[in-house]
Structures are given as structure tokens and as C-alpha cells.
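**Student:** Residues per chain are reported as follows:
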Amino acid sequence: MMPSFVQSLWTALWQDAPLVQAPFFLIGIASLMLWPGDLLIPRDQKRRWSLFTQIILGITLYLVVVTPHRSGFSNMFRIDTMTQAFQLICTVATLATVVLSKKLLDLMNEHTVEFYTLLLFTLSGMLLLCGATDLVTLYFSIELMALPIYVLVGYFRDQERGIEAGVKYFLLGAFSSGIMIYGISLLYGATGGTTTNFEGLSTALVAAMDARGTMVTLGVLMVLVGMAFKVAVVPFHMWTPDVYDGAPTPITAFMASAPKAAAIFAFAKVFGVAFHNIPNVWTFGMEYMAAASMILGNVAALRQQSMKRMLAYSSIAHVGYMMLAILSNDPNLSIRSFSGVQSLWLYIFAYLFMNFGAFAIITFLQGKGEGERIDDFRGLSQRNPWLAFAMMLFLLSLAGIPPLIGFFSKFILFKMALERGFVVLTVIAVLTSAVSAYYYLGVINQMYFRSSTGKDSLKMDRMTGVLVSVCALMVLLGVSASGWLIDIVDKIKL
Amino acid sequence: MISLNLVLFISSLMFFIGVAGVLIRRNLLIILMSIELMLNAANLNLIAFARQSGTVDGQAFALLVMGFAAAEVAVGLALAVALYRRKDTVQADDINLLNG
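Chains S and P, in that order, are what the protein sequence lines are. Going by the numbering used here, the first sequence opens with residue -19, and the numbers climb by one from there. Going by the numbering used here, the second sequence opens with residue 2, and the numbers climb by one from there.
The hints are simulated quantities; they were obtained by calculation from the structure and are not laboratory data. Possibly wrong hints are sitting among the right ones.
Quick list of in silico lysine to aspartate or glutamate cross-link-like pairs, EDC-like style, CA-CA up to 16 Å [stated by the list, open to error]:
#, chain 1, residue 1, chain 2, residue 2
1, P, K88, S, E140
2, P, K88, S, E94
3, S, K348, S, D436
4, S, K395, S, D436
5, S, K348, S, E94
6, S, K82, S, E94
Just a few of them, taken from the derived set where beta-carbon distance is under 10 Å, the chain P residues facing chain S [claimed, not checked]:
#, residue
7, S4
8, L7
9, S13
10, V23
11, L80
12, K88
Just so it is clear, the structure is predicted and the values come from calculations on it, not from any experiment. Heads up, the beta-carbon is just placed ideally off N, CA and C, and yes, glycines get one too.
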């Protein structure tokens, strides 16, 4: 018997509320920050919001950890260890962004409460997206995540480049979500209007495949296109370099880690659970996209002059590797087998630190009034040896050079893919990551073997120092802590 | 009762007009309208299938999509205004600082 409306409302409000405590806490606090919070802080004191936001994010971390494990809201939302692990990555990345932004916002004299509230809103979208187990919740949390980011990209509204990047990102993002929602409506129709739940779809779609094959195929492919736009894989990557280039650097660092982690986890869940029983429809497309991203991302990064554009193309390549992890979710095992997603988590975890470390250094140099071109790194080792050393660590780790964490995560991912029989894709992945070493080493060459002409030594400020040191430590100790990391990853199960 | 195939035909027509509008037209506001058309095509589908199955899930989803469309337009128009203030244009072809 269907529960009555009052009954469902009661369950949603009382029993299921703890499941969404972290995102709802964020939405509540962010709304209060806008009003009346902002009235209490005088105009020249807005920088205080930075510390306040950091405290809020600390509380969010705690709330994410203590969330109970179960599904709720009529099976539309579910928290488990895997979800929590991805939620933690998103929260930590947001925290790092807040820390990183402070200096830049000081410099531009652009501290406003809106910057921080937008970050909190987008984080709440990500936390919901990680837990989504229904196409409805998936779609809406993706939008809640994306809308504030469009604004954040164009945050410096007197800089033409930022606004152009924002408009571009908005148009392509809205276009892709239009495609995705149409795909979802087709899937909903193909099941006879009965379910949009992942678990429900996994059986309903097999039955629908006989009766309405075209509708199912079109729907799945449209959802694939929509998700591919969000995580930026070839051939839906056109916006990435422009948007990464035009956005404020801390926001670029943010976009490359947190929304990507949440979206790719949702990607893995949609295709690993909902479309898991009809692999013939989407496997080929995904294999093609993974291979194309790895090749095009790495080759296009070779000829970039701007550091931010280079990292944008390298992020496309890294998403290609992550697609490999989604593919190696073994479709023959039960739905609960998520070992591919475990290696995915490890990969994103490692990527978070390498990525944030590198962007922290770029932000710091920009703050000193220097450019973001690769030439501007010339002779960095003479000007600040520690900074150059840390940058070298991040770049080598991105390239996947042995004793660093980047090698470790890549190795596990490739091994997994090989065991699942994706030999050609793994060979492409290994070859392209050898290509990637070329452009990463190019930057290291500039830093160590070219001399800077007439520039003084650089002094690091405390915040950048702490952030860079933490990231460098994680990258360095990754392998010595590998046993411990594997233990953690082992605990991450559905 | 109108047949489901007819609804599907109309909604796909709306959807492709929307896609074509996004790809062909260069005015930001018209692109925005075309995106709305795509969302409304999906809404039509959702409502028709919900009616067919006799449940209200699809209709509730359509209501949510409308709410989302409003939020999206708010952000999109704000960005368009910011662009117009800087560049005195809302043509997509003039967004060319970052090409390459």
C-alpha cells in the first residue's frame, strides 16, 4: 500500500532529516549569512567572512562524518561510506579554496559575503549529488552545484575575461543540462512512467529495452552526453580551457577538484547501477571518450604557453583516466561491487592535493603581480627554493613518477583496468601519461635550469606556505602511507 | 485521448528546434530562450508519461524543472547584463577573448 501523503511528509521531516544534515546546514547558514548576517559586518570588515566560512566548513566536515548510513526520502537519497568518502573530498576542496582565495580577494579588494555563500551553496549541491540515487535528485543536485559556479567564474565582474568565461560556461552548462533532462524524460517514459530510481531502472530498463529500444538508447546516450559535459571529457571539453583560463585562479583550482569529484562519482553511480544491465548501449561510447580524452588532453597540453590552460588540458586527460575506473566497475559482478570506484576515489584523492598545490603556487605568483605563463616560472628555484621544489613535486606527481602519490593512484587504476580486460585502453593510458611527462618536465626545466633575469627572491605568506606544505607532504608521503591508504580504501564499501 | 506517439513527436520537435536555436542563433537572449524550449520539451514528455502511468511523480518532476528553469534564467540574464555592461553586446560571436 502506498503511504499517505502525511505519513511520507512525517518520515521525510523526522526520520530522514539526519541524512541531509550537512547540506541543509550549509544552505541554512549560507542564507543567514546573506541576511541578516551581512548587515552586521561593516563594509571594510568583509574579510572576516573568510574565517567564519572556514569554521562553518569545519563543522560541515564533522556533520558529514557523523551522518547515519542508510537510504531515505523514498529511496531517492542514500548515504554510505563511499558517499561519505566523496563528500569529504568535496568539503576539503572547498575549505582549501576558501583559504586560497583570501589573499587574492584582499588584493583585488573584492571581499563580499556573496563569494563565500556561493561556495557554500555549491558545496551543498555537491554533497547532495554524492548521495543521489534517483535521476530526479541527480538532476537537481547537479544544477544546484552548477548554478553558483557559473556566477563564481564571472565573479570579478570588471574583468572582461572572467565574464566571458562565465557566459561561455553558463551557455554550455545549461545546454548540456537541457540535453540531460530530455534524456531523463525519455528514460522515465521508456519505463512506462514508473520509476526514476537507479536500482529500479537497472531492472526496468532491461525489460524496456525489448519494447522501446530506441527510446532507452536515446535516453541513455543523452544522459551520457549531459554528464560528459559536466566532467569535461572529449568531445565535450571545448569549454574547459577557456573557462579555466578566465576564472579567478582559486575558482579554477576548485572547479578542477570538487565539482569534478562529485560529478564523476555520480557518473559512476548512474552507469554502474542504473544502466549497469544494458552495457551494450553505452560501453562503446564511454571507451571512445576515455581514449579520446587521454590522447587529446595530453597532446593539446604540449603546446600551451599558459600554466592554467596547460593544467586545464591535463585535467581533461586525468578525467580520461578516471573514466577508465568507471569502465572497470565489473558489470559481471553484483551491483554492489564497486572496486573500480575505490580506485576512482584514490585517484581523485591524490589529484586533489597535486592540483591544489600547483594552483596555490600559481595564485601566489599572480598575487605578486607576475603572470601565469610558463615562462614566468623561469628561475623560480633561485628565487624561492622551497616553492620550486614543491611545484616540482606536484608536477612530477601529476605525471605519475614513482615515489609520489600520483604514481601510486595511477598504478592501482591501470592495474584494475588491465584485470578487467581493457588492454588497449590501458596501453593508451600508459603511453599518453609518458607524453604528459614531457610538458610537466618542461615547467621543471624552466624553474631549475633557466635563470631569472633581475627578479628578487620571493617571500611566501603564511597561508600559502601552510597550504603548499600540506599538499607537498601528502604528495610525498603518499606511498609510505600506502598501506594505511589501502586500509582506508578497503573500508570504503557500499 | 491524444496518443502518446503524437506527444513524443511534438516534444522531440520542440527539443530539436531548441537545439538548432542554440547552435545557429548568435544572440545570447535567443540562445537562452532556445534552452528554455529544450527544458519545456522534457516537461511535456514528463507530464504525458505521468498521465499515462497514472502516477504524479512525473508531474512533480515537471514542476521542479520549471522552478529550476526560472533559477537558470535569473543567473543567465545576470551574466548577460554583466557582459553587456563591459562590451556593449550580447552576441555570442563577440565572446572571443579566450579563443585558442
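**Student:** Now look at each hint and say whether the structure bears it out.
**Tutor:** Structure-based check of each hint:
1. P:K88 to S:E140: holds, 8 Å
2. P:K88 to S:E94: Given pair P:K88, S:E94 is violated - Cα atoms ~24 Å apart, limit 16 Å.
3. S:K348 to S:D436: holds, 11 Å
4. S:K395 to S:D436: violated, 46 Å
5. S:K348 to S:E94: Violated, at roughly 25 Å.
6. S:K82 to S:E94: holds, 14 Å
7. S4: violated, 13 Å
8. L7: violated, 13 Å
9. S13: Result: holds, 9 Å to nearest chain S Cβ.
10. V23: holds, 5 Å
11. L80: Where the cut-off is 10 Å and the nearest Cβ of chain S is about 5 Å from P:L80, the hint holds.
12. K88: At 7 Å from the nearest chain S Cβ, P:K88 passes the 10 Å test, so the hint holds.
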